[in-house]
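Student: One letter stands for each residue in the lines below.
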Amino acid sequence: MTLAALGIALFLLPLVGLLARTPWARLPALLAGDVVTDALRLSAVTSISAAAVSMVLGVPLAWLLARVDFPGRALVRGIVTLPLVLPPVVGGAALLFALGRRGLVGGPLEQGTGLLLPFSTWGVVVANTFVAMPFLVITVEGALRNMDRRYEDAAASLGADRLTVLQRVTLPMIAPSLVAGLVLSWARAFGEFGATITFAGNLQGRTQTLPLAVFVALERDRDVAVAISLVMVAVSLLVLVGLRDRWWRAT
Amino acid sequence: MSGGLDATLVVRRSEAFRLELRLSVPAGRTVALLGPNAAGKSTAVHALAGLLPLDAGRVELGGLVLDDPAADVLVPAERRRVGVVFQDYLLFPHLGVLENVAFGPRSCGIGRAEARRRARSWIARLELDGLAERRPRDLSGGQAQRAALARALASEPDLLLLDEPLAALDVTTRSEIRRVLAEHLRAFAGPRLLITHDPAEAFLLADEIHVLEDGRVTQSGTADDIRLRPRTRYAADLAGTNFLRGIARRGEVDTGTHVLHVADHEVEGPVLVTLRPTAISVHRTRPEGSFRNSWPTTVARVERLGHRVRLLTGAPLPVAVEMTDEAREELGLAPGSAIWVALKATEIGVEPDTAATSRAP
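Top line first, the protein sequences correspond to chains C and Z.
All residue numbers in the first sequence are consecutive under the working numbering, ending with 1256.
All residue numbers in the second sequence are consecutive under the working numbering, ending with 793.
These aren't lab readings, by the way, just hints derived from the structure by calculation.
Be aware that one or more of the hints could be misleading.
Pairwise CB distance ranges (calculated) [claimed, not checked]: (1) C:Gly1247 - Z:Leu506: 56 to 64 Å; (2) Z:Arg677 - C:Arg1078: 57 to 65 Å; (3) C:Gly1247 - Z:Pro458: 34 to 42 Å; (4) Z:Thr605 - C:Val1021: 52 to 60 Å.
We put the CB at the ideal spot given by N, CA and C, even for glycine.
Okay, chain C solo, but in the shape it has when bound:
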């Protein structure tokens, strides 16, 4: 009991500390500031984009891992899930070596298309996707494995080709997990710090997302840091509550 209470305290105390430190009177003015609105807009765009890219690439990847027996599948799964345990800073550095101006792919990419990922908003999306997509892949792969595949047989016996089976049976049946994976990857992208600052830098309005803004504000104006933190806590709580019905009931 005591240990459990201690556990709860560990989670609760920072929240209390944050609320206690909040300059409520100045809050509207703080939140309306340039730095905060830029970061909020940028965070919304990049985290949602990262979640979307995670879904577009992650669902086929999850399907491949769950349904196709190919040599090296375990290795691919390992590589895909590596960002879950890798320190994000290392991930960002690795991205820089691969996609930076002097990187393995980054150089040819810039020469060919003029696109330079580091220190651009696209770079933020790439860094976010790198750390966030494993959550979606793992969630969706699990759902695909656990799904009763006889429903797909039933659909085929009714004349549905593979694409129709996927669209009308498989994806709708794993929809709760798909939503959960999407929200988890979005949340991870929303809170991303290390890979972003390493790979994309910290430019206000271009790559400075909310967590980066908090980091900078802690040095300059603590009240701004508190205000941004409060926004992030509020958004996270909102998402958790929205997710509760689908995710917690399903598990």
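Following the hints, position chain Z against chain C.
Tutor: Structure of chain Z alone, referenced to chain C:
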């Protein structure tokens, strides 16, 4: 008018298990594959539906070859005109009944409106009116079964496969749902294949029965062939249940040689009567008590089944009775002994004999 099914199925599922089955089902006939679990019944369904390729053999439906590994022909499941009522029905949980039934027509390229129109007509035909928007989880067992049948039929298949269509139902509703199923089966013009482990289901719904054991057919014939001349131990155990035909009228069933009192006073006409061998008691003298049925007879034969024995009684109503060997010794029973047999009216199963009604002009 669709043609019949002609199939020779050879499927190796593992080193140890191999299905080898020859099937011929004319249009308008129901053939049952009757067998214990893991006999290969579901493998046969999957092979016929195109969900599992043959290792050897051939499947031909209405003159069209669906699978012939020797000729390198394999029509995939989605292009076969085979309707399946799956075990547990497998209605899509995220779709209502209407969308489930419309799934087949929609998948075959028919527009949404037309597919729904067809689905509605099948829903009406299978007496599912008012349930079109229901989700499968909100259906009763019987309703789910009819929805599964409607979904299979809405694609207008040339062959209907029913994989344990009654196994998911509880015992109290099973016989009524079986009667309804029999009616709908008769309305399907093509060949029908019923997969079941329940002899009563096979005897009541099928014109011909193949007993499938360990991947092979051990006996084929009508219900009577298998009941009266079982060739394997499994068939004999199935046949161990007494199946009698008779005419029911106001709580009495006339078998032709004897009249049984039954609990069901509603059922009229040709019936199939089931008497469990363990429900029949044997006495040396006229039994007292609440038995609604008792009659004097003799012991015709004694068979040993491990610790139990099976007695076969003589005229007027030959039945099989099971008891422990100790009980037999106590009563001093041997072939020729004069006995009374007794059983309660509630222990007698009575089903409308759908095979007899379908044969009637």
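Student: So, for every hint listed, does it hold in this structure?
Tutor: To see whether the hints hold, each was checked on the structure:
Taking 56 to 64 Å as the suggested C-beta distance range, the pair Gly1247 (chain C) and Leu506 (chain Z) does not conform, at roughly 47 Å. For Arg677 (chain Z) and Arg1078 (chain C), the hinted distance range of 57 to 65 Å is satisfied, since their beta carbons lie about 59 Å from each other. Look at Gly1247 (chain C) against Pro458 (chain Z): about 58 Å separates their beta carbons, and that is not inside 34 to 42 Å. A beta carbon spacing of about 58 Å between Thr605 (chain Z) and Val1021 (chain C) agrees with the range 52 to 60 Å that was offered as a hint.
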